[in-house]
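The listed protein sequences derive, respectively, from chains A and B.
Here this note's numbering is used: the first residue of the first sequence is 3, the next is one more, and so on.
Here this note's numbering is used: the first residue of the second sequence is 199, the next is one more, and so on.
Think of the hints as simulated: they come from the structure by calculation, not from any bench.
Where hints are given, some of them may not hold.
Listed below are the simulated DSS-like cross-link pairs for lysine-lysine, each with C-alpha atoms no more than 27 Å apart in a straight line [claimed, not checked]:
1) A:K25 x A:K47
2) A:K41 x A:K64
3) A:K34 x A:K47
4) A:K51 x A:K41
5) B:K343 x A:K280
6) B:K228 x A:K280
7) B:K228 x A:K27
8) B:K278 x B:K228
9) A:K286 x B:K228
10) A:K286 x B:K343
11) A:K280 x B:K278
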Amino acid sequence: MESFFTIALALLLAPLFPGIILKVKAFFAGKKGPPLLIKYYTLLKLLQKGSVYSTSTTFVFKLGPIISCAGAMMILLFFPLGGMSPLVSFHGDVIVLFYILGLGRFFTIAAALDTASPFEGMGAAREAFFGTLAEASIFAILILFYRMTGALSFAEYFIGARSISMAGTAGALLLLVIVSLFMLLLTENSRVPVDDPATHLELTMIHEVMILDHSGPDLALIELGSFYKLFFYSAFIFLIIFPLKAEWGLFKVPLFFGGIGLVYVAIGLVESGMARFKMNLVPKFVLTSLVLVSFAAILTMEFIK
Amino acid sequence: MSNIVNITMVIILLSVLLSLASNRLIALVKIMALQGIMVSLLPLLLEHHSRMGSGGLIFFQVMILIKGALIPGLLYVALKRVVTKREIEPIIGYHASLFAGLIIILLSIFITERLHLSLPKGHDLLLTTAITTISAGFFLMMSRKKAITQVIGYLMLENGIYLVGTALTKHAHTLYVVEFGVLLDVLVGVMIMGIILHNINHTFDDIDTDHLNLLKD
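Modelling step: build the complete structure from the supplied sequences, incorporating the hints.
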C-alpha cells in the first residue's frame, strides 16, 4: 500500500523538480525565473492542443513518444522509491530496465528518422552515439554493484540484506560511482555540459532536435517521459549517497523527495556554472565516467577478496 | 575510521584520473591543490600516527600549507602571466591518457600484490594509490609538452613518493624530515619554473618546451 502511495506521489511530483533547476539557474543569472509549477502548465497547455502529423510520417512516428514515456514510467515501478519495497522486482531487473530505457531511446530515434528531416537525422546520430558510450558506463556500474552486493535488482541494491552504503566495505569506491553517475545523468538526460535543452539553433542540438516535429499531446508525453527519466537517475544517485534505513518508517518519504530536490539543485548549480562542451569533447566526458567506474571496479580487487 | 582513510585515497585517485583528462591548465592547478591537501591529510588519519606530539601536528600543518596552498598558488601566479591557458596538442591524446590511467592502476595493483609488504591492517589501498600517483605523474611528464604541465607531473610524482613514505614508515614523524627536504626541493623547483616559464613566454610568446629544441648557439 505504501509502495503504491510513493509511486503515485513520484508520478505526480516528477514534473515539479525540473522547475527547481530553472529557479536555481534564474537565481544565478539574477533573474526571477519562471514559476515553480511551470512544467505542469506546459504539460496542460500541450495536452489541450491537437497533434499535427506530416504526410510523410508513418505509425512509427506516433509510436515513439508513447513507448519512451511508458518505458520511463515502468522503471519507477521497479525502483525502491523512498526506501519502500518496489511493486515488482526480480533477479536481473536492472538489466531489463536499462534496456527498456534503451528501447525508449530506440523508438525516439526511429521516430526522428521517420520524419526524413536532415536535422533530425543528425540529432538521432548524436543521440545514438552518446547513448552507446553511456551504456558502457552504466553496465560497468552494474558489474561493480554485482561485485559489492551479489545482486542484480534495484530492491537488493538499496533495501536488501547487503545493500549499498558508504559505510560498508568498499564504500569509499561509491565516491567514484557517484561522480560517474552524475556525469551519466547529465549525458542521458541531455543536460547542460553535454546538450543544452534551451538552445535555439538546430545544428547544435542533440535531444531537442529529434522532437522538433512532435506537437501537442505527443510532445507532452515526451516531456513527461524525460521528467521521469531524470527523476529516476536523481533517485538512483540520492539513494547511493544517502541510503534510507527501514526503521525510519514513513518519515523516509519526505526525506527521499527532499533529497532528490537537492540533487536537482546540484544539477542547476552545474548548469549555471558551466558552458556546454564542443561536440567533439562530449565523448571524452562520457568516457571519463566509464574510466571512473572501471577504476572502482578494478579497485574492488583490493577490498573484496 | 578506516573508511575515511579509504575515501581520502579514492579522492586522490579521482584527482589523478581527472588530471589525466583535463586540458585546461587552471583546472589542472586546482586539481593539484585538492590532491596536495588530501595527500598531506592522509597521514593524520592513519591509525599508527594517531599518537603524535605538538611538533608532529605543526609539521603536518606546514605540509598542508605548502602542498595545498603555496605550490598551487605559485603555479597559479605563473599561469596568470603566460598567454597559454590550454594544453592544445599533447604528445598522447586525452582519450589515450585516460586509457593509460586504467592500465597504470591495473599494473599498480599487480605490483602491490607481488611486493608482499606488511602494510598496516585495513590500508591495502595505500600502496596502490601511491604507485598509481607516481606512475601517473611520470606519464603526465612524458606525454605533455607545456612546461607547466610537466612541472605538475613532477609534483604528482612527489605526492606519490610522499604516500609511499606514509605507507611504509610506522611511527615517528621525525622520519618525515627527509620528505620535508624533498618538498623544499620541489618548492624551489616550482619557483624556478615560474621564472623560466616567464622567460620562455617572453621569448617565444608560448610555453611549449619544443621551442627550446630550436635554440642554437
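Consistency of the hints with the structure:
For the hint pairing K25 (chain A) with K47 (chain A), the CA-to-CA distance comes to about 21 Å; that is within 27 Å, so the pair holds. Pair hint K41 (chain A) plus K64 (chain A) holds up; C-alpha atoms about 23 Å apart against a cutoff of 27 Å. Distance restraint check for K34 (chain A) and K47 (chain A): the Cα-Cα separation of roughly 22 Å lies within the 27 Å cut-off, and the hinted pair is therefore satisfied. This hinted pair checks out: K51 (chain A) and K41 (chain A) have alpha carbons roughly 16 Å apart, not beyond 27 Å.
Restraint check: the Cα-Cα separation between K343 (chain B) and K280 (chain A) comes to about 23 Å, which is no more than 27 Å; the hinted pair holds. The straight-line distance between the Cα atoms of K228 (chain B) and K280 (chain A) is roughly 22 Å, inside the 27 Å bound, and the hint therefore holds. Proposed proximity of K228 (chain B) and K27 (chain A) is supported: the alpha carbons are some 24 Å apart, at most 27 Å. Taken as a hint, the K278 (chain B) and K228 (chain B) pair is honoured in the structure, with Cα atoms around 13 Å apart against an allowance of 27 Å.
Taking the CA atoms of K286 (chain A) and K228 (chain B), the gap is near 20 Å; set against the 27 Å cutoff, the hint holds. For the suggested pair K286 (chain A) and K343 (chain B), the alpha carbons sit about 20 Å apart, so the restraint of at most 27 Å is met. Simply put, K280 (chain A) and K278 (chain B) have alpha-carbon atoms about 24 Å apart, close enough for the 27 Å limit, and the pair holds.
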